[in-house]
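As given, the protein sequences belong to chains A and B, one line each in that order. Per the working numbering, residue 1 is the first one in the first sequence, and the count goes up by one each step. Per the working numbering, residue 549 is the first one in the second sequence, and the count goes up by one each step.
It cannot be assumed that every hint is accurate.
Claimed, not checked - Quick list of the computed label-pair ranges, beta carbon to beta carbon:
(1) B:Leu594 / A:Leu316: 27 to 37 Å
(2) A:Asp312 / B:Gly820: 36 to 46 Å
(3) A:Thr340 / B:Ser750: 32 to 42 Å
(4) A:Gly311 / B:Lys704: 23 to 33 Å
(5) B:Ser795 / A:Thr336: 54 to 64 Å
(6) B:Gly820 / A:Leu78: 33 to 43 Å
(7) A:Leu53 / B:Thr870: 44 to 54 Å
(8) A:Gly311 / B:His699: 45 to 55 Å
(9) B:Asp707 / A:Gly47: 41 to 51 Å
(10) B:Asp707 / A:Leu535: 55 to 65 Å
(11) A:Ala48 / B:Lys751: 49 to 59 Å
For the record, the hints were derived by calculation from the structure and aren't laboratory data. Quick caveat, the model's predicted, so the values are computed rather than measured. All residues carry an ideal CB built from backbone N, CA and C; glycine is no exception.
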Amino acid sequence: MMTRWSRPLTLAGLAAVPLVVLGVFFVLPVLGMLSEGFWADGKLDPGAVAEVLARPRVHRVVWFTVWSALAGTAFSLLLGIPAAHLLHRRRFPGRRALRALLLVPFVLPTVVVGVAFRELIGEAGPLGFLGLDGSAGAIVAGLVFFNVAVVIRAVGAAWESIDPRPAEAAAALGASPAYVFRTVTLPMLRPAIVSAASVVFLFCATAFGVVLTLGGLRYSSVETEIYLLTTNLLDLQAAAALSIVQLLAITGLLFVTSRLRAVPDPTLARSTGRPPRVSRGDWPGVLSTLVVVVLVGLPIGALVVGSLQVGDGYGLANYRALTTEGSRNALLVPVTDALTTSLRTAVDATWMSLSLGLLVAVAVTRRSRTRAERRARGLLDGLFMLPLGVSAVTLGFGFLITLDRPPVDFRDSLLLVPVAQALVALPLVVRTLAPALGGVDDRQRQAAASLGAGPLRTFVTVDLPVMWKPLLAAAGFAFAVSLGEFGATSFLAREDHPTMPIVIFHLIGHPGAMNYGMALAASVVLAATTALVMLLVERLRVPSVGSF
Amino acid sequence: MLALAPALVLVATGCSAIGQDSGGDGPSFDRVVLVTHDSFALPKPLIRQFEQESGYDLVVRGSGDAGVLTNKLVLTKDDPLGDVSFGVDNTFASRALDEGVFAPYDAQLPTGADRYRLPGDGADGKAHDLTPIDDASVCVNVDDTWFAAHHLAPPKALDDLVDPRYRDLFVTPGATTSSPGMAFLLTTIAAYGEDGWQDWWSKLMANGAKLDDGWSQAYEVDFTQGGGKGDRPIVLSYDSSPAFTVSDGKSSTSALLDTCFRQVEYAGVLAGAENPDGAEALIDFLLTPEVQAALPDSMYVFPVDSSVELPAEWARFAVQPTDPYAVAPADISAHRDEWLREWSDLTSR
């Protein structure tokens, strides 16, 4: 059975389907766009691409991207980690609802969040005195608004599945809470924290709407620059140069994080017992949760208030209008139809990214026997993070110019939207599942195997019980990413099958008080739907598996 | 390896939900594919009427704005995304013409539409590539109620915007990120010349003008008559915008007709179309009085057919400029990059 080739073959087998999907729907389109830039007028001209990189403007753009993304990531971690502790390791009424609520920003279209933020911090808004409008501070706040949930959810899920007893023992021996955190808890959480941080960094570095809307055009990031170059100027050489910068940066980031993520013994003992109530020692968690709730709650509150405004009073007219096609037929389909399309697409994107993500996670976390094997797994791990770091507009245009002939004639396929969304969600799924899978003691699998269990049965009895919560967290992420995805979807969606973010974008881009009100109401409906789905997902438990 | 099986099954069976109505997707000649931007909308009964009369199913592929659309057409010109396109405007048209995206087709133009022809298209008596379908002018709008309440005469021309009396009152979407923003930059280039606009923009920024990324941010958030009740009473919008701020038979805003740039949207048969007959039928359809009359309500633009009756509020409150500013499409194509860079440097300081 255990021949020399069985391990590499298993690895290849596990990775085959995800690799093919990634190859067709990511590598091919991106290469297609890059080659458009390198082959100018029918001849290879890499020099022109290199020239672009010497422009002072490009340096400014790259520098802004790096520091704003670093700041966004740092604040997300600073707020997210203590909040993850409170929301996942402490018991208090309404914590499930709160966790679901905090995921809402994830699905809100930036164009609407921009409106909500700016109604608060704009010149005429209640927080206008802060002078944040059009500042880098507003951009960072926006980045944290969108991404803090990633930290809370990913770190929280890991925190839930670690054994509290070592920390309790250290505390009983007289260690201060800070000391316990630093020496016992943090090392166990490190893989999850580094994973979350790398994903958040990539989200921040490729943020598009936030930078333009909240920065008032004063700032450009690599992503906004690629958008301008590709959609407006058709300067594909410069766009290719910046895409190369993006790819190199991600590769560097992945290298660093894979080093930081590696821990000598990732094995986790499983958590037992109910979480305790909130006590006085939990003040850091309470404080940061409060800050997060204010940061996330205020703009959402502004949205809700705005959606209820009808003329000079308040009412539900904007919500009633959602079953129509907008004032004067602004839309091809009613918003309610778009919600159905969004939910169906999200279901498909979720199962796609979960099945692909699970395969990848299993492939990358199995213990390696040789150095080559470890390298192969590390490479694989990094490869699936790439879609997060490449501009949606590059991918969107790439789809059009590469997926147009057999055997990859997918340009017109309805599958394109869920597949693209699944690819965007995939890194989050992998990064949520991999730390948990890596934490399973391999000896348990060996024991199961020696007792006669096949690979599938081993997976179901050993891995799945540990994986249950991370799987739910990942499913929630994938669903939310799909519901909120705008960049790639706006390129690929059919006019007669638009998703919610596209309809909202359409409504808010046209004059008329009714369209504006409907856009806000539709956003609130999208937000509420997401929160509801998240709440239901959290309640899902399979007793026979969960109570191991 | 066993773990692979369920995933393979899932992938092989296709999407549970989405797969349902993907039938009939293969290329065929009983359908016509329209490639357009994300603002395309027409009433369903009209589309059904087209399908019945022409015998073709209409498939709409729309995404992005006019820039995205044009660049998509250019990049896919060897294997076009469809048969016919609508939505390339006069600021992007020359790029598409230079790249040979369109095939010639001379449709029968309705009354008054001839003046919207793209300058340079169909020269030397050749057939035209592009057919004008609609137009809308980008103009500075003012909140008349605000100016009445503040006992200040509203501005009238571009020069007024740099007048200290109107300090901190103007908001506009940026030229790099928004198509009306680009149109406004072209307005100032036409008004102050290729060497004079830079100076005007420096003065404008020094006079406290605010830049936003898109029309929605400028109009809905910062403009005093927008949904968010901002605090700037002068905004860049469209000539038709006053028709959307009507209450009690009066519009609270008006467009300054001496500050306008006209955007014309064109349709054209795509070179290499699978169904060129269907493409021509669709262009003819877009020029019918029924479609022309539906344009204001569906797409917020004016019909090119001057004999068509406008909706009541448009007829009263949406006044079109008679002599808008213009820049030759070929010039726009040649200088877009340079102008946008200069503009970007001027305004981000």
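Outcome of the hint check:
A hinted range of 27 to 37 Å holds for the C-beta pair leucine 594 (chain B) and leucine 316 (chain A), which are about 31 Å apart. Aspartate 312 (chain A) and glycine 820 (chain B) have their C-beta atoms about 55 Å apart, which leaves the hinted 36 to 46 Å range violated. Range check, threonine 340 (chain A) to serine 750 (chain B): about 51 Å between beta-carbon atoms, so the 32 to 42 Å window is missed. For glycine 311 (chain A) paired with lysine 704 (chain B), a C-beta distance near 31 Å keeps the hint of 23 to 33 Å intact.
At roughly 28 Å, the beta-carbon separation of serine 795 (chain B) and threonine 336 (chain A) lies outside the given 54 to 64 Å, and the hint is violated. A hinted range of 33 to 43 Å for the beta carbons of glycine 820 (chain B) and leucine 78 (chain A) is inconsistent with their spacing of about 55 Å. For leucine 53 (chain A) and threonine 870 (chain B), the Cβ-Cβ distance of about 49 Å falls inside the hinted range of 44 to 54 Å, so the restraint holds. Take glycine 311 (chain A) and histidine 699 (chain B): their Cβ atoms lie about 26 Å apart, and the range 45 to 55 Å is violated.
Restraint check, aspartate 707 (chain B) to glycine 47 (chain A): a C-beta distance of roughly 46 Å satisfies the suggested window 41 to 51 Å. Checked against the hint of 55 to 65 Å, the C-beta distance between aspartate 707 (chain B) and leucine 535 (chain A) comes to roughly 58 Å, which is consistent with it. In this structure, alanine 48 (chain A) and lysine 751 (chain B) break the distance hint of 49 to 59 Å, their C-beta atoms being roughly 36 Å apart.
In summary, the numbered hints that this structure violates are 2, 3, 5, 6, 8, 11.
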